[in-house]
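Chemist: The primary structure of each chain is shown beneath.
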Amino acid sequence: MIQIFGNFLENLFNKDNLEKAQVFGDYVERPQQDEHLTVGFSPSSIPIRKRWRNNGLSADYVANYLATFFPIKTDEPDSIDKLAEMKSAVSYIANELLENSMKYADTTTLYPITLHTQIESNKIRLFVDNSILSSQAKNFQKFIDELLHSDPDELFIRKLEENAEEENGSSSGLGFLTMINDYSAKLGWKFDIVEKESPVITVTTMVELAV
Amino acid sequence: MQVKGDNYNVWYDKNNGAINFDGALRLTGMQDYAPILKLLNEIASTEPASMILNLQGLEFLNSSGISMLSKFVIGMRKKKSVKMKILGSNSIPWQGKSLKNLQRLMPGLTLDIV
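Taken in sequence, the protein lines are chains A and B.
Following my numbering, the numbering of the first sequence begins with 160 at its first residue and continues without gaps.
Following my numbering, the numbering of the second sequence begins with -5 at its first residue and continues without gaps.
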């Protein structure tokens, strides 16, 4: 596993492997049958500061959209609470995924950022797909490796303590850790290369929520 | 003392010693949260007997905001004379899920979610 990780970028750029995406964690991709929604953004068209408020708007929209398909059972008094909880979880998670993608997308490429949702029986899956610089991809994979080989709860507290020591500590994956610890979400990642004029590294982050 | 933005308002109420958070906080990172952290630290530096963070009007907080609150709470562990209290709301689902982490960082903190 570690070996595969270390050689990941080299493998990714190897022409023979261009067709093979690399997958980590609980990544699931199913053919689209049920209700779904995709929202697309062009990260290079307007500056990140200007588009930032769109993250919250889009996340709330997706949460409200999914709520339509949530089974409300009028005979269950806590059904309304569960709906509010689901909307809040989706809004938080979609916002975090969009914030990450806006921060890390390689804006020199024309590769779009997409937020995609899938509903499957009692599960919701959110996918965010974006381009990423190879140096950032390396750091990201280091973090994923740490996450997959740690107790997420212990890692979360450790990251919070570390952040507090830094002057302007970046979030260091705290968004992902809150999804796992506070929302019991399952996470997975797919790294791929798309061939345009020059190869673009892409990453799709998947978050699965039980509802 | 107040930090106000398009969708949020953070202000200090002298009368009850509470710092009130309203709206939705989705700032881009620690640097953007610095003015709020500064407000909290300024009040803490006066070493009041107690300090209340009232989050009952805070509908949304992103992970950078959680990071900022954690940083503040971790700093408060050194100020043993200040009693820390966080007031949350049952009707805002994220608070029931995420605020308990602050108590884990500072076991002496009182967390009231009502």
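A couple of the hints might just be wrong.
[Said to hold, decoys possible] No farther apart than 25 angstroms at their CA atoms in a straight line, the calculated lysine-lysine pairs in the DSS-like style are these: (1) Lys91/B x Lys241/A; (2) Lys32/B x Lys73/B; (3) Lys246/A x Lys32/B.
[Unchecked claim] What follows is a set of in silico ranges between Cβ atoms, one per label pair, in the way DEER data are often shown: (4) Pro271/A x Asn9/B: 45 to 55 angstroms; (5) Asp0/B x Ser294/A: 30 to 40 angstroms; (6) Gly17/B x Gly184/A: 15 to 25 angstroms.
Calculated from the structure, these hints are not laboratory results.
C-beta: ideal position from N, C-alpha, C; glycine also.
Chemist: Give a verdict on every hint.
Modeler: Hint check results:
For the hint pairing Lys91/B with Lys241/A, the CA-to-CA distance comes to about 13 angstroms; that is within 25 angstroms, so the pair holds. With a CA separation close to 16 angstroms, the supplied pair Lys32/B and Lys73/B stays within the 25 angstroms bound. Between Lys246/A and Lys32/B the alpha-carbon distance is near 32 angstroms, which puts this suggested pair outside the 25 angstroms criterion. Here the CB-CB span from Pro271/A to Asn9/B is close to 51 angstroms, well matched to the stated 45 to 55 angstroms.
The hint said 30 to 40 angstroms for the Cβ distance between Asp0/B and Ser294/A, and at roughly 33 angstroms that hint holds. The given range of 15 to 25 angstroms is broken by Gly17/B and Gly184/A, whose C-beta atoms sit roughly 34 angstroms from each other.
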